[in-house]
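Peer 1: Sequence:
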Amino acid sequence: MSSSISQAVRELAEPKLAEFTAKLIPTVDPARILGVRMPALRKLAKKLLREHPPEVTEFKAAVPHDFQEEDLLHVLLLNEERDFATWHAEITNFLPYMTNWTLTDAVSPACVKGRNAANLPQLERACLDWMVDDRVYVQRLGVVVLMSLLGTEYFSPEHLRKEYEYNGIDTCAVDGMCQTRCPVNINTGDLIRRLRSENQDKLAATGWKVAAQQWGVMDKVAGKALTVAQKLPFPVVHGTTNIARKVMGDDTVPSYKKGLPVGGLARKPHKDATAEIVFFPACVNSMFGGVDGDGKHDPVRTPGVHPPV
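Following this note's numbering, the numbering of the sequence shown begins with 1026 at its first residue and continues without gaps.
Any given hint could be a false lead.
Derived pair list, reagent style DSBU-like, types lysine-lysine, alpha-carbon separation capped at 30 Å [to be verified]:
#: 1; residue 1: K1138; residue 2: K1072
#: 2; residue 1: K1282; residue 2: K1245
#: 3; residue 1: K1041; residue 2: K1085
Across the chosen pairs, the derived CB separations fall in these ranges [to be verified]:
#: 4; residue 1: V1242; residue 2: S1133; range: 52 to 60 Å
#: 5; residue 1: K1271; residue 2: A1230; range: 15 to 23 Å
#: 6; residue 1: D1108; residue 2: E1036; range: 26 to 34 Å
These are computed hints drawn from the structure, not numbers from a lab.
These numbers come from a predicted model, not from an experiment.
Idealized CB from N, CA, C, for every residue including glycine.
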């Protein structure tokens, strides 16, 4: 029974160690900390799996556990699972109880080691999902486990290059727009063009080239789409963009959010012989209309809300 496993954990308790451990994990109620050494928990986990598998199954189902060390034992038992699908399902069920760093950092699944190395790509995908979870310790779990791959043959610099997408590319793009010289002398223009070409197939590259050549049309279409989208039920538009993002990629299709304005109107040319500054507006100033004093959408108003730099 799971109560016998809980009793076995309690018998390993060291009160002085509990006091020390409580200082290391202040997010855990000290009353939940028994003070059990990790080697003792590892030894207990192996013994239980070897001699009492039915009790182990019952113990893992009896969540939440009363003590921090029982949570740790739970993680150690999961680590020994050799089938990736089973491990992933069970650790997913345990994610709500990943509430401190000692639990996340103890995760080291056997289902991706040695002969099971073929499961590493699945583990990587799981880590990437965890890293965007709303729960902070689930995010940490994704980071910690992904970092553990750095010491394996599975890791390749290609992983870093593939992940250097939206944030890295946009940072370099902004540097180029502001004519800011890269502090490490990287030609950001050439870099962005190379990364863009490497990350797109020929069909996508051709499509974006046509879009760039006909950007006036694209600008108007995007504005009209925003106007139509606001007249439709939000769940319909939001769900449609989410499906498109999964198919075409997050960097290709933007996510529609509540609060986006309708499309902007065509910007009228303005001439002023006394002007001292020329403003080069971005396309967002016409795709998203600003709001004038009467509450009407006006593309000229958008740059007006920003102080000069």
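Peer 1: A separate judgement is required for each hint: does it hold in the structure or not?
Peer 2: Going through the hints against the structure:
{"no.": "1", "hint": "K1138 - K1072", "result": "21 Å, holds"}
{"no.": "2", "hint": "K1282 - K1245", "result": "20 Å, holds"}
{"no.": "3", "hint": "K1041 - K1085", "result": "28 Å, holds"}
{"no.": "4", "hint": "V1242 - S1133: 52 to 60 Å", "result": "54 Å, holds"}
{"no.": "5", "hint": "K1271 - A1230: 15 to 23 Å", "result": "21 Å, holds"}
{"no.": "6", "hint": "D1108 - E1036: 26 to 34 Å", "result": "31 Å, holds"}
No hint from the list above goes unmet by this structure.
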